[in-house]
Amino acid sequence: MADNNINTSLDIEKVRADFPLLQTEMRGKPIVFLDSAASSQKPQIVIDAISKYYNSQHANVHRGVYELSQNATDAFELGRERVRSFLNAESTDEVIFTRGCTESINLVASCYGRKFLSEGDEVIISAMEHHSNIVPWQMICQEKGATLKVVPLNEKGEIIMEEYKKLLSDKTKIVSIVHISNSLGTINPVKEIIDLAHEKDIPVLIDGAQATLHSKVDVRDLDVDFYTFSSHKVYGPTGIGVLYGKRKWLDAMPPYQGGGEMIKTVSFENTTYNELPFKFEAGTPDISGAIGLGIALEYVKDLGFDAIAAHESEILTYATEKLLAIDGLKIIGTAANKASVISFLIEGTHPYDVGTLLDKMGIAVRTGHHCTQPLMDFYQIPGTVRASFAVYSSKDDVDKLVAGVERVANMLR
Amino acid sequence: MTINEIQDEIIDDFSYFDDWMDKYEYIIDLGKNLPLIDPAEKTNEKLITGCQSRVWLGANHKDGKVEFTADSDAVITKGIIGLLIQVMSNQPAKDIVESDLYFIDKIGLKEHLSPTRSNGLLSMVKQMKMYAVALNSIK
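Protein chains in written order, with numbering that gives the first Met the number 0: chain H, 0 to 412; chain F, 0 to 138.
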């Protein structure tokens with residue numbers, strides 16, 4: 000278990016060697032990859048596990064009586080067990096595989112909403128949500144005649160907890176808030192957010208898309224009702240994600256989609272649904288994805304959460320200091336508790352121009368509104384340049400970014 | 000000069016740049032020195048929304064030719080707009096509709112007009128041709 004891992008320093012060169020893509024070039028230069036918040040790179044063992052599965056283990060799961068299918072089922076379900084262990088969930092029945100964090104949130108909005116939302120009810124989100132945690136709720140609220148309530152932020156990009164407390168009421172049917180902001184890096188006080196909602200018996204969904212990459216998540220310790228994340232942001236393959244849900248909610252919710260896997264019996268008159276977790280997994284699942292995700296989570300656990308946190312915190316501090324020394328550079332999102340994501344603007348320049356020129360230097364950053372348009376409106380900016388760091392990010396990456404940004408600023412001003 | 004003659008001239012100008020930096024410095028200068036649309040006229044009607052940068056496009060019909068004005072909040076986008084205006088503005092509507100903008104590819108800026116780039120430039124070129132179609136039919 001990672002909890003017993005007291006190793007707090009990482010050999011970054013060794014970690015980097017695990018990721019083949021980091022050895023490649025972009026625009027003819029060794030790549031400086033600073034867009035891990037959009038999607039992280041994959042360690043060789045994840046790539047190998049997927050390759051091995053297709054080379055020698057593939058068959059459809061939960062169906063065949065033959066050995067190959069049974070082995071594939073075991074490998075797939077081992078992936079689920081690894082997710083359970085990673086999140087410290089009580090049972091694998093509470094771990095639903097989806098296509099990604101977005102689908103996980105859509106599933107809850109749709110199924111929980113269909114059952115528990117009615118006219119006049121309220122759903123609470125925050126002003127820093129990704130579109131994935133806004134639009135699904137808007138859609139179900141519109142359908143049910145419910146209202147979306149938005150918790151405001153302060154200038155640093157932190158949730159104003161007093162305002163959150165005021166919004167919690169008898170009308171509130173669910174709270175859905177991001178764990179770590181993808182645009183600002185703000186780490187929200189999720190434990191407090193959950194406890195306050197629970198005082199009024201309101202369930203809480205936490206969007207963990209950016210969190211599983213950086214920190215240990217314990218769903219039982221948080222006492223969270225729903226927790227969602229994507230595999231590809233935590234060094235796993237694209238195309239698969241996770242919805243953790245407390246059994247009482249998952250049992251109470253109607254299924255999401257109909258099809259194979261999710262049924263117990265079907266006749267033209269009536270269908271009875273399968274048990275958890277299969278009730279929410281219609282159709283053939285992403286078998287290789289579950290295997291790859293399981294391996295990725297093991298990889299993270301082996302590195303150790305303390306070691307990852309220590310390294311990323313060091314990189315964040317180093318990068319913040321170096322970037323702020325650049326004339327006219329302003330960081331957007333200065334929360335006291337922050338993950339290794341830096342959004343910035345350079346006075347007199349447009350993020351698109353900065354990103355375009357950095358690309359020419361082999362530096363991959365994200366530019367734009369980061370799928371958080373309401374948040375950009377709050378700061379009255381068109382977007383930002385965002386550098387995001389992962390376990391393989393080095394001080395050398397930061398130095399190259401800083402040199403690149405200085406050069407770009409000179410070209411543009 | 001015809002659309003293709005102007006394109007060929009731009010291709011020739013760009014052949015003197017040795018590296019990407021010189022090229023982009025030129026485009027940035029072009030963008031900086033072209034106050035194309037008066038801020039007061041940057042109305043929502045003229046706005047073409049890209050995901051990343053915004054583009055404004057206006058068009059007038061004069062002596063059988065279409066005159067374009069355009070602008071952007073991003074200077075590189077604005078520089079490339081400057082080139083597109085050089086090529087397309089004050090040309091007969093029919094020529095604009097039928098134009099093949101091969102110069103973009105030849106000077107190595109094709110990526111800026113890719114559908115995934117979301118900077119508004121591709122939509123702008125489409126809109127230019129739509130204006131030309133519309134103004135052509137008025138005549």
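In case anyone wonders, no lab produced these hints; they're calculated from the structure.
Warning: the hint list may mix true and false statements.
[Unchecked claim] Below, in silico cross-link-like pairs of lysine-lysine (DSS-like), each with a Cα-Cα straight-line distance of 30 Å or less:
{"#": "1", "chain 1": "F", "residue 1": "K41", "chain 2": "F", "residue 2": "K61"}
{"#": "2", "chain 1": "H", "residue 1": "K359", "chain 2": "F", "residue 2": "K105"}
{"#": "3", "chain 1": "H", "residue 1": "K263", "chain 2": "H", "residue 2": "K114"}
{"#": "4", "chain 1": "H", "residue 1": "K399", "chain 2": "F", "residue 2": "K22"}
{"#": "5", "chain 1": "F", "residue 1": "K31", "chain 2": "F", "residue 2": "K109"}
{"#": "6", "chain 1": "H", "residue 1": "K359", "chain 2": "F", "residue 2": "K31"}
{"#": "7", "chain 1": "H", "residue 1": "K247", "chain 2": "H", "residue 2": "K143"}
{"#": "8", "chain 1": "F", "residue 1": "K31", "chain 2": "H", "residue 2": "K321"}
{"#": "9", "chain 1": "H", "residue 1": "K164", "chain 2": "H", "residue 2": "K143"}
{"#": "10", "chain 1": "F", "residue 1": "K93", "chain 2": "F", "residue 2": "K61"}
{"#": "11", "chain 1": "H", "residue 1": "K28", "chain 2": "F", "residue 2": "K31"}
{"#": "12", "chain 1": "F", "residue 1": "K61", "chain 2": "H", "residue 2": "K359"}
{"#": "13", "chain 1": "F", "residue 1": "K109", "chain 2": "H", "residue 2": "K28"}
{"#": "14", "chain 1": "F", "residue 1": "K64", "chain 2": "F", "residue 2": "K41"}
Now for the hints, and whether the structure bears them out:
Annotation: proposed proximity of F:K41 to F:K61 holds, straight-line Cα distance about 21 Å (limit 30 Å). A C-alpha spacing of about 18 Å is found between H:K359 and F:K105, which places the hinted pair at or below 30 Å, so the restraint holds. At most 30 Å may separate the alpha-carbon atoms for a hinted pair to count; H:K263 and H:K114 meet this at roughly 21 Å. Straight-line distance between C-alpha atoms of H:K399 and F:K22 comes to about 22 Å, which keeps the hinted pair within the 30 Å bound.
The suggested pairing of F:K31 with F:K109 holds, with an alpha-carbon distance near 21 Å, which does not exceed 30 Å. Straight-line distance between C-alpha atoms of H:K359 and F:K31 comes to about 20 Å, which keeps the hinted pair within the 30 Å bound. The suggested pairing of H:K247 with H:K143 holds, with an alpha-carbon distance near 22 Å, which does not exceed 30 Å. Among the hinted pairs, F:K31 with H:K321 is consistent with the structure: their alpha-carbon atoms are about 28 Å apart, no more than 30 Å.
A threshold of 30 Å between alpha carbons decides the hint, and for H:K164 with H:K143 the separation of about 24 Å falls inside it, so the pair holds. Annotation: proposed proximity of F:K93 to F:K61 holds, straight-line Cα distance about 14 Å (limit 30 Å). Among the hinted pairs, H:K28 with F:K31 is consistent with the structure: their alpha-carbon atoms are about 29 Å apart, no more than 30 Å. Between the alpha carbons of F:K61 and H:K359 the distance comes to roughly 40 Å, so the proposed pair goes past 30 Å and is violated.
The straight-line distance between the Cα atoms of F:K109 and H:K28 is roughly 20 Å, inside the 30 Å bound, and the hint therefore holds. Distance check on the hinted pair: F:K64 and F:K41 sit about 23 Å apart at the alpha-carbon level, within 30 Å; holds.
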